[in-house]
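Asks: So the sequence lines, in the order shown, correspond to chains A and B.
For the first sequence, my numbering assigns the number 259 to the last residue and increments by one with no breaks.
For the second sequence, my numbering assigns the number 259 to the last residue and increments by one with no breaks.
To be clear, the hints were calculated from the coordinates, so they are not data collected in a lab.
Glycine is no exception: its CB is placed at the ideal position from the N, C-alpha and C atoms.
There's no promise every hint is true.
To be verified - Think about it this way: if two alpha-carbon atoms lie no more than 30 Å apart in a straight line, the pair counts; the simulated DSSO-like pairs of lysine-lysine are: (1) Lys-48(B) - Lys-161(A); (2) Lys-164(B) - Lys-239(A); (3) Lys-189(B) - Lys-248(A); (4) Lys-161(A) - Lys-239(B); (5) Lys-5(B) - Lys-161(A); (6) Lys-239(A) - Lys-116(B); (7) Lys-48(A) - Lys-65(B); (8) Lys-116(A) - Lys-20(B); (9) Lys-194(A) - Lys-217(A); (10) Lys-116(A) - Lys-191(B); (11) Lys-248(A) - Lys-116(B); (12) Lys-164(A) - Lys-189(B); (13) Lys-194(A) - Lys-164(B); (14) Lys-191(A) - Lys-242(A); (15) Lys-239(A) - Lys-217(B); (16) Lys-189(A) - Lys-161(B); (17) Lys-172(A) - Lys-243(B); (18) Lys-257(A) - Lys-191(B); (19) Lys-191(B) - Lys-5(B); (20) Lys-251(B) - Lys-5(B); (21) Lys-48(B) - Lys-116(A); (22) Lys-65(A) - Lys-194(A); (23) Lys-194(B) - Lys-174(B); (24) Lys-171(A) - Lys-243(B); (25) Lys-161(A) - Lys-194(B); (26) Lys-242(B) - Lys-164(A); (27) Lys-20(A) - Lys-172(A); (28) Lys-248(B) - Lys-116(A); (29) Lys-116(A) - Lys-239(B); (30) Lys-243(B) - Lys-164(A); (31) Lys-20(A) - Lys-116(B).
What the hints assert, rightly or not - Stretches of chain A that chain B covers, calculated by requiring three or more beta carbons in the stretch to come under 8 Å of a beta carbon on chain B: (32) 45-51; (33) 229-236.
To be verified - To give an idea of the interface, some chain B residues facing chain A are shown, with a C-beta separation under 10 Å as derived from the structure: (34) Thr-37; (35) Asn-64; (36) Leu-68; (37) Lys-116; (38) Lys-133; (39) Val-137; (40) Trp-153.
Protein chains: 2
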Amino acid sequence: MKIGIFDSGVGGLTVYKVIKRRFPACDFVYFADTAHLPYGDKSEKTIVRFSRNIAGFLVENKADLIVCACNTASSVAVSRIERELPVPIFGVIESAVEDAVSVAQKIAVIGTKLTIKSGSYEREIKKRGKGISVFSLATPLFVPLIEEGWCDTPVCDKVIKIYLDEIKKWKPEALILACTHYPVIKNKISKFLGGKTKMFDSGSIVKTLKKFVKPCVGGKGKSSFFVSDDPDNFRKIAKKVMNMKIEKVALCTKFL
Amino acid sequence: MKIGIFDSGVGGLTVYKVIKRRFPACDFVYFADTAHLPYGDKSEKTIVRFSRNIAGFLVENKADLIVCACNTASSVAVSRIERELPVPIFGVIESAVEDAVSVAQKIAVIGTKLTIKSGSYEREIKKRGKGISVFSLATPLFVPLIEEGWCDTPVCDKVIKIYLDEIKKWKPEALILACTHYPVIKNKISKFLGGKTKMFDSGSIVKTLKKFVKPCVGGKGKSSFFVSDDPDNFRKIAKKVMNMKIEKVALCTKFL
């Protein structure tokens, strides 16, 4: 069985790693749309267009199911394109929400501008429990800070404080990290919030996949990586930010 | 006479404003490639491709000359596409360098990753004087900080300090702001450096244009704005970051 995963950049590798660890014998094809990143500040229509192209590419590359690891695209594109595809596609929202609502009544959500503006998390949470209160906040500086490798600087602490002060006062029982980069600063955020808030992220998708992924007995466990721009840079950032060594990354410019 | 200007986003509006002020009777057509922004982290080849498409669009829209307001595209694309175009195209590098070398022997340059990596400023400076020393530095967090509207927060001061401490110690006589967003924090940077460093930016292009732009007597002084994604967001950021009210922005998705 082959699992297709896509994201705008390296962020989705946090999701890839979690799925790969759970299903090591599966094959993987990962597409990072680095020519168009970031997705979080762009329009819904444009993100749907990008996602449709990439999902088609993954199907051509024999993916048996697709995981949209990008929260922004999960928020605005997955429900629009799923009917067009010959294989199932999963966003990362529902599973994280599922996990969070099972333990919390006060849930905070942080993500990109478009993810938050779309209201996708809020909708999914409200669907599952009327009494649950939600505090959503766009925190767009986290991604560039993480990509610049500044997680351990006082600037990062300061940005966390400015963004999350209100959320901290609100005392959430759970916080959903609705952007695949954020797990990189999960511990810092958790510490800032006082350590009692339960943290959830896109890795929750693994539970959902269990129902769909076949055991892959005899699979080869091979992964291939594609980008729409600059394979070398992708490899460098994957190493620097995600601490992941990727041998080979192929360039695919067919959607430019 | 109609002047075409392009940039990846709102940054080039700093250049537009300077040119418009000097040639108020000219017509303008501005293209912001917001579906592909930012340019600074992408590859040379991709930026050449984007720039070629946009320059063609400006020619179709009757531009008599084109200003590439984006430093990244000026660094890697202008020299590649100028021969293909039926009208002159100007990058913003040479004129800023011209101004800086006329008063300084120690010049610092800050810009995006790709601008700095390309060595374009260093090359132009060295061409004009062998004894001139150059200190180049990529400062990629400035753009997201400015776009988030955080210029007046302590975070901005902190980021300026971290990036520019070494440059300050080096005591430059001039600093070139090699990114069109940076003029927004020009005063802060100047103050941090101690106030004696002369500051230059892409606005220097006006001097070069004087030789080419006809007086536009009887011109209409009309400006039209195009983006490749989300006109409303462009208008909002233009207001918030550049303090500029733009009535009408048209969407052009022909290069997506």
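Asks: Now tell me, hint by hint, if it's right for this structure.
Replies: Results of checking the hints against the structure:
1. Proposed proximity of Lys-48(B) and Lys-161(A) is contradicted: the alpha carbons are some 37 Å apart, above 30 Å.
2. Proximity of Lys-164(B) to Lys-239(A) is assessed by CA-CA distance (about 26 Å); at most 30 Å being required, the pair is judged to hold.
3. Proximity of Lys-189(B) to Lys-248(A) is assessed by CA-CA distance (about 39 Å); at most 30 Å being required, the pair is judged violated.
4. At roughly 26 Å between alpha-carbon atoms, Lys-161(A) and Lys-239(B) fall within 30 Å of each other, so this suggested pair holds.
5. With a CA separation close to 46 Å, the supplied pair Lys-5(B) and Lys-161(A) exceeds the 30 Å bound.
6. Distance hint between Lys-239(A) and Lys-116(B) is fulfilled; the C-alpha atoms sit about 14 Å from each other, no more than 30 Å.
7. The suggested pairing of Lys-48(A) with Lys-65(B) holds, with an alpha-carbon distance near 29 Å, which does not exceed 30 Å.
8. Of the supplied pair hints, the one linking Lys-116(A) and Lys-20(B) holds, its CA atoms being roughly 28 Å apart against a limit of 30 Å.
9. For the hint linking Lys-194(A) to Lys-217(A), the alpha-carbon distance of about 38 Å lies beyond 30 Å, and the restraint is violated.
10. Restraint check for Lys-116(A) and Lys-191(B): satisfied, since their Cα atoms lie roughly 27 Å apart, inside the 30 Å limit.
11. Between Lys-248(A) and Lys-116(B) the alpha-carbon distance is near 22 Å, which keeps this suggested pair within the 30 Å criterion.
12. Straight-line distance between C-alpha atoms of Lys-164(A) and Lys-189(B) comes to about 26 Å, which keeps the hinted pair within the 30 Å bound.
13. For the hint linking Lys-194(A) to Lys-164(B), the alpha-carbon distance of about 26 Å falls within 30 Å, and the restraint holds.
14. Using a Cα cut-off of 30 Å, the hinted pair Lys-191(A) and Lys-242(A) holds, with the two alpha carbons roughly 20 Å apart.
15. Proposed proximity of Lys-239(A) and Lys-217(B) is contradicted: the alpha carbons are some 48 Å apart, above 30 Å.
16. The hinted pair formed by Lys-189(A) and Lys-161(B) meets the criterion: a straight-line CA distance of about 22 Å does not exceed 30 Å.
17. For the hint pairing Lys-172(A) with Lys-243(B), the CA-to-CA distance comes to about 28 Å; that is within 30 Å, so the pair holds.
18. Annotation: proposed proximity of Lys-257(A) to Lys-191(B) is violated, straight-line Cα distance about 43 Å (limit 30 Å).
19. Restraint check for Lys-191(B) and Lys-5(B): the C-alpha separation of about 35 Å exceeds 30 Å, so the hint is violated.
20. Proximity of Lys-251(B) to Lys-5(B) is assessed by CA-CA distance (about 18 Å); at most 30 Å being required, the pair is judged to hold.
21. Proposed proximity of Lys-48(B) and Lys-116(A) is supported: the alpha carbons are some 29 Å apart, at most 30 Å.
22. The straight-line distance between the Cα atoms of Lys-65(A) and Lys-194(A) is roughly 42 Å, outside the 30 Å bound, and the hint therefore fails.
23. Distance restraint check for Lys-194(B) and Lys-174(B): the Cα-Cα separation of roughly 13 Å lies within the 30 Å cut-off, and the hinted pair is therefore satisfied.
24. Between Lys-171(A) and Lys-243(B) the CA atoms are separated by roughly 27 Å; this keeps the pair inside 30 Å, and the hint holds.
25. Distance check on the hinted pair: Lys-161(A) and Lys-194(B) sit about 22 Å apart at the alpha-carbon level, within 30 Å; holds.
26. A hinted pair counts as satisfied when its Cα atoms are at most 30 Å apart, and Lys-242(B) with Lys-164(A) qualifies at roughly 27 Å.
27. Between Lys-20(A) and Lys-172(A), the direct Cα distance comes to roughly 33 Å. Violation of the 30 Å bound is thereby established for this hinted pair.
28. With a C-alpha separation of about 22 Å, the suggested pairing of Lys-248(B) with Lys-116(A) holds against the 30 Å cut-off.
29. Distance check on the hinted pair: Lys-116(A) and Lys-239(B) sit about 13 Å apart at the alpha-carbon level, within 30 Å; holds.
30. Distance hint between Lys-243(B) and Lys-164(A) is fulfilled; the C-alpha atoms sit about 23 Å from each other, no more than 30 Å.
31. Taking the CA atoms of Lys-20(A) and Lys-116(B), the gap is near 28 Å; set against the 30 Å cutoff, the hint holds.
32. Counting residues of the stretch 45-51 of chain A whose C-beta lies closer than 8 Å to any C-beta of chain B gives 3; at least three are required, and the coverage claim holds.
33. Residue count for the stretch 229-236 of chain A with a Cβ under 8 Å from a Cβ of chain B: 3. That meets the three needed, and the coverage hint holds.
34. Of the supplied interface hints, the one on Thr-37(B) holds, with its beta-carbon coming within about 7 Å of a beta-carbon of chain A, less than 10 Å.
35. Below 10 Å, beta-carbon pairs count as interface contacts, and Asn-64(B) has none with chain A, the closest being about 22 Å; its hint is therefore violated.
36. Interface restraint check for Leu-68(B): the shortest CB-CB distance to chain A comes to about 27 Å, outside 10 Å, so the restraint is violated.
37. A cut of 10 Å between beta carbons decides the hint on Lys-116(B): the least distance to chain A is about 9 Å, and the hint holds.
38. At about 33 Å, the closest approach between the beta carbon of Lys-133(B) and any beta carbon in chain A exceeds 10 Å, and the interface hint on this residue is violated.
39. Evaluation of the Val-137(B) hint against chain A yields a violated restraint, the C-beta minimum of about 23 Å exceeding 10 Å.
40. Interface hint at Trp-153(B): satisfied, since its Cβ lies 7 Å from the closest Cβ of chain A, which is below the 10 Å cut-off.
Violated hints, in rising order: 1, 3, 5, 9, 15, 18, 19, 22, 27, 35, 36, 38 and 39; the structure is consistent with all others.
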